[in-house]
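Enquirer: One-letter residues, chain by chain:
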Amino acid sequence: GENVEQHPSTLSVQEGDSAVIKCTYSDSASNYFPWYKQELGKRPQLIIDIRSNVGEKKDQRIAVTLNKTAKHFSLHITETQPEDSAVYFCAASRTDKLIFGTGTRLQVFP
Amino acid sequence: DVKVTQSSRYLVKRTGEKVFLECVQDMDHENMFWYRQDPGLGLRLIYFSYDVKMKEKGDIPEGYSVSREKKERFSLILESASTNQTSMYLCASSPSASPDTQYFGPGTRLTVL
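For the protein sequence lines, the chains are A and B, in the order given.
Just so we're aligned: the first sequence equals residues 1 to 110 in the working numbering.
Just so we're aligned: the second sequence equals residues 111 to 223 in the working numbering.
No lab work stands behind these hints, which were simulated from the structure alone.
Owing to the predicted nature of the structure, the values given are computational and were not obtained by experimental measurement.
Hints may be right or wrong, so weigh each one.
FRET-style restraints, in silico, Cβ to Cβ [to be verified]:
1. MET137(B) with SER26(A): 38 to 44 Å
2. THR69(A) with ILE170(B): 28 to 34 Å
3. ASN53(A) with GLU127(B): 45 to 51 Å
4. THR69(A) with SER175(B): 38 to 44 Å
5. HIS7(A) with LYS181(B): 36 to 42 Å
6. SER9(A) with LEU223(B): 28 to 34 Å
7. HIS7(A) with ASN194(B): 24 to 30 Å
8. GLU189(B) with GLU79(A): 21 to 27 Å
9. SER9(A) with ILE170(B): 19 to 25 Å
10. SER190(B) with LYS58(A): 28 to 34 Å
Calculated lysine-lysine pairs in the DSSO-like style (CA-CA distance at most 30 Å, straight line) [stated by the list, open to error]:
11. LYS181(B) with LYS37(A)
12. LYS37(A) with LYS167(B)
13. LYS68(A) with LYS167(B)
14. LYS97(A) with LYS167(B)
15. LYS128(B) with LYS42(A)
16. LYS181(B) with LYS57(A)
Stretches of chain A that chain B covers, calculated by requiring three or more beta carbons in the stretch to come under 8 Å of a beta carbon on chain B [what the hints assert, rightly or not]:
17. 37 to 45
18. 101 to 108
Glycine included, every Cβ here is placed at the ideal spot set by N, Cα and C.
Chain B with its partners taken away, still in its complex shape (with noise of 0.2 Å):
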């Protein structure tokens, strides 16, 4: 079974606040996402990343970045947190065939105060 975990199921923090949001997943996936999951916009990727050290850009990456320093771990970072993100945080992982299957973690809940 693919597990694919993530730091926190709910997180608060402050306006202006730097966000660390960590994924892990065991199943030694080539490929790691970051999703954010909003009502009436689906999923939207935010960055993915192909390999240890490497990250491309989704559809919105403003006021975020991420950080692959090992294979089962991909971080998403808040630089600056703003009202306007907070959201349901999904993280997601895949095989390096493409494309196939995402297994996605259970979500970190963010609210921005």
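Chain A with its partners taken away, still in its complex shape (with noise of 0.2 Å):
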């Protein structure tokens, strides 16, 4: 079955920098691929997502690229602000089901 492993566990970052996020997939019949951003005592939310007819996605200060042939996609945060410390969990799919990763927390020092 698929797979999805993701780097690093955690990541801390000065306020302004920029962020990378890496998961790699098991699945080549894999074709959609969203991340979603959990807050301390919050529900896991959707921030973007992929799918695999295109190789990038921006949505302001986020991008996600994807590697089909690497297997591999990655999110990019950039100008950090304290308000993006989270935990970030990316995830693959052919179907309903999702698959995730094991999570990235991401904190982001002022």
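Join the two chains into one complex using the hints; note that each chain is given alone, in its own frame.
Expert: Right, dumping it as structure tokens:
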């Protein structure tokens, strides 16, 4: 079955710096790659997603890139702010079922 | 706005008790899911349902069962709670278009003593 690996498990950056989180997946038929953000004590919420027919998608300070050949995708956050501090989960899917990575705890220090 | 609600935020049960966790969504979504979230393990799928009275096993179904008698409601049942089922349980729903955004409930933190 599908397996998704996510790195790093923790990431600390200074406010204003960029942050990059990487995920690899095993099922070459996967065609949907969402990213969820979970703030402390809150529910996971979708922040951006990409489908396999595009290589990059941007939404203000966040972007996701997809390399189908290498079977990896990444989340990029530019100009980080303290409110970006949260746990981020990547996921991969080719059906209704999402397979999640193990999460990255991002801390942004003022 | 999609609303997914769960019956309890915190629950404490004793070993061997039967536990019911309820999830309700108000967006007429076809698909509903139950996950457990543990530190360092991410979100692991327990069971999911594509339609009323339909259910499919996820990655870790052992010790759990589910019920979906109405489209908007998906229940997770721990037949005989054990301490290793202490965890955060998250419900989610998504439209029938596959694959698509999943909308999560606030979670139930279950402690089994």
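Enquirer: Next, verify each hint and record whether it holds.
Expert: Going down the list of hints, with the structure as the test:
Checked against the hint of 38 to 44 Å, the pair MET137(B) and SER26(A) fails, with Cβ atoms roughly 32 Å apart. At about 31 Å, the beta-carbon gap between THR69(A) and ILE170(B) stays in the expected band of 28 to 34 Å. In this structure the supplied range 45 to 51 Å holds for ASN53(A) paired with GLU127(B), their Cβ-Cβ distance being about 49 Å. For the hinted restraint 38 to 44 Å between THR69(A) and SER175(B), the CB-CB distance of approximately 41 Å keeps it satisfied.
At roughly 39 Å, the beta carbons of HIS7(A) and LYS181(B) sit within the given window of 36 to 42 Å. A C-beta distance of roughly 30 Å is found between SER9(A) and LEU223(B), which places it inside the suggested range of 28 to 34 Å. Roughly 27 Å separates the CB atoms of HIS7(A) and ASN194(B), a value that falls within the hinted 24 to 30 Å. A beta carbon spacing of about 50 Å between GLU189(B) and GLU79(A) contradicts the range 21 to 27 Å that was offered as a hint.
Against the hinted window of 19 to 25 Å, the Cβ-Cβ separation of SER9(A) and ILE170(B) comes to about 20 Å, which satisfies the hint. Take SER190(B) and LYS58(A): their Cβ atoms lie about 49 Å apart, and the range 28 to 34 Å is violated. For the given pair, LYS181(B) sits about 27 Å from LYS37(A) by alpha-carbon distance, which is consistent with the 30 Å threshold. Pair hint LYS37(A) plus LYS167(B) holds up; C-alpha atoms about 26 Å apart against a cutoff of 30 Å.
Annotation: proposed proximity of LYS68(A) to LYS167(B) holds, straight-line Cα distance about 28 Å (limit 30 Å). Between the alpha carbons of LYS97(A) and LYS167(B) the distance comes to roughly 11 Å, so the proposed pair stays at or under 30 Å and holds. The suggested pairing of LYS128(B) with LYS42(A) holds, with an alpha-carbon distance near 27 Å, which does not exceed 30 Å. Simply put, LYS181(B) and LYS57(A) have alpha-carbon atoms about 34 Å apart, too far for the 30 Å limit, and the pair is violated.
As drawn, the region 37 to 45 of chain A meets chain B at 4 residues by the rule of a beta-carbon pair under 8 Å; at three or more, the given contact holds. Only residues whose C-beta sits within less than 8 Å of a C-beta in chain B count toward coverage, and the region 101 to 108 of chain A has 3 of them, enough to reach three; the restraint holds.
Hints 1, 8, 10, 16, counting from the list given before, are not met by this structure.
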